[in-house]
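**Student:** Here is what each chain is made of, one letter per residue.
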Amino acid sequence: DAKTTQPPSMDCAEGRAANLPCNHSTISGNEYVYWYRQIHSQGPQYIIHGLKNNETNEMASLIITEDRKSSTLILPHATLRDTAVYYCIVRVLGNTPLVFGKGTRLSVIA
Amino acid sequence: EAGVTQFPSHSVIEKGQTVTLRCDPISGHDNLYWYRRVMGKEIKFLLHFVKESKQDESGMPNNRFLAERTGGTYSTLKVQPAELEDSGVYFCASSLNRGIANSPLHFGNGTRLTVT
Chain A
17 DAKTTQPPSM
27 DCAEGRAANL
37 PCNHSTISGN
47 EYVYWYRQIH
57 SQGPQYIIHG
67 LKNNETNEMA
77 SLIITEDRKS
87 STLILPHATL
97 RDTAVYYCIV
107 RVLGNTPLVF
117 GKGTRLSVIA
Chain B
3 EAGVTQFPSH
13 SVIEKGQTVT
23 LRCDPISGHD
33 NLYWYRRVMG
43 KEIKFLLHFV
53 KESKQDESGM
63 PNNRFLAERT
73 GGTYSTLKVQ
83 PAELEDSGVY
93 FCASSLNRGI
103 ANSPLHFGNG
113 TRLTVT
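Respectively, the protein sequence lines represent chains A and B. For the first sequence, the numbering used here begins at 17 and goes up steadily by one. For the second sequence, the numbering used here begins at 3 and goes up steadily by one.
So that you can see chain B by itself, here it is in the shape it has in the complex (with noise of 0.2 Å):
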């Protein structure tokens, strides 16, 4: 079974560009999450989506990030226009719906953007 894919590894912009990252969750899993490490910080939770619905985005820090997934399938996540507090991990899990019960959330290797 492949694992949640995230795409690009890296990615390095200048400050006030556009940067859209993407994941690939595990197949069949209808729950997918975004987060991100900032350095020196825990990792901070910024949305869950059910399908195609946004189910919490609590967690988004401002409107400059916006995140989509059409067709409930990939995720992408945009940051227009980025700043310098954007740099950090980016990381995207996602988990099989079970209605109450409990499926462990699954995560990709990351996104590491740079912001200059």
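The shape of chain A in the complex, shown without the other chains (with noise of 0.2 Å):
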């Protein structure tokens, strides 16, 4: 079972930050936060991962809690093509599988 909690659904002005929350209160010390959205009718796509320092890629941000206990992937101008169901996931280290939950849908609105 997924070990994150994440809303179900949010909305985003076009153009504007998306900030996406996710809790992982279980998380332990040798897991990473992973985030994938998937587009719909494509596979899902990598965006970050990080262990405990705060992570940015040319695609978002990764801000991780200083207990580790909670993470938000910041967009930071959010286009129409954002739209995607997105997954925050726990992963131990190693080549371990991902486990995915339900993962908020995000919708970005003109």
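Incorrect hints may appear among the rest.
Covered by chain A, according to a simulated footprint, are these stretches of chain B (three or more residues, beta-carbon under 8 Å) [claimed, not checked]:
1. 10-16
2. 31-44
3. 75-87
4. 106-116
Calculated from the structure, these hints are not laboratory results. All values reported here derive from a predicted model rather than from experimental measurement. Note that CB positions come from ideal geometry on N, CA and C, so glycine has one too.
From these two lone chains plus the hints, build me the complex, please.
**Tutor:** Here you go:
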């Protein structure tokens, strides 16, 4: 079972920042936080991951709280193409499989 | 770099028939994973190969499903005989093998299987 809790849906205005929260209160010290998204009829797409430090790449920023019990994915300037289901996943070190939950359905509105 | 490729993109078969799905991982990726999503449900893990060896097949639903990865390159997932409840989207993913370090999984666009 997924070890994360996410809101089922969120809306965001185009051009604004989208902030997607995730709770993972039972995360272990050797577990990373991963974010993926699935745009309709495509496979899940990797966005970003982190252990305890904040991370940023060309797609998004990941903010992890100091106690690591929650995190926020930030899409700085959401576009209509960012409309998707976003999954927050905790994953232990190594090559273990990802365990998907229900995710958050983000709708970017013009 | 070519991504993960899955074939076919769609398959419609009758109950009782056999279907074989194929996945070509990203070149150099030793890890290969199969997942599926049935209607209205979450994406579920099926099994994990490291090269040609099955590392974890705890998610395989029953013995009608057979996965192979001969030679440690592409993989096939055979369903024989297919049942109505096997309908869904089957995803394949691959990743580098970095030992205890984490390497992101890269997914294909899936095969949509419809059993009638």
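**Student:** How about the stretch 106-116 of chain B: do at least three of its residues have a C-beta closer than 8 Å to a C-beta of chain A?
**Tutor:** holds (count 7)
**Student:** Per the coverage rule (Cβ-Cβ under 8 Å, at least three residues), is the stretch 10-16 of chain B covered by chain A?
**Tutor:** violated (count 0)
**Student:** Mind taking a look at whether chain A covers the stretch 75-87 of chain B? Criterion is 3 or more residues with CB to CB distance under 8 Å.
**Tutor:** Not satisfied, violated; 0 residues make the cut.
**Student:** Taking a Cβ-to-Cβ distance below 8 Å as contact, does the stretch 31-44 of chain B have at least three residues touching chain A?
**Tutor:** holds (count 4)
Checked against the numbered hints given earlier, the structure breaks hints 1, 3 and satisfies all the rest.
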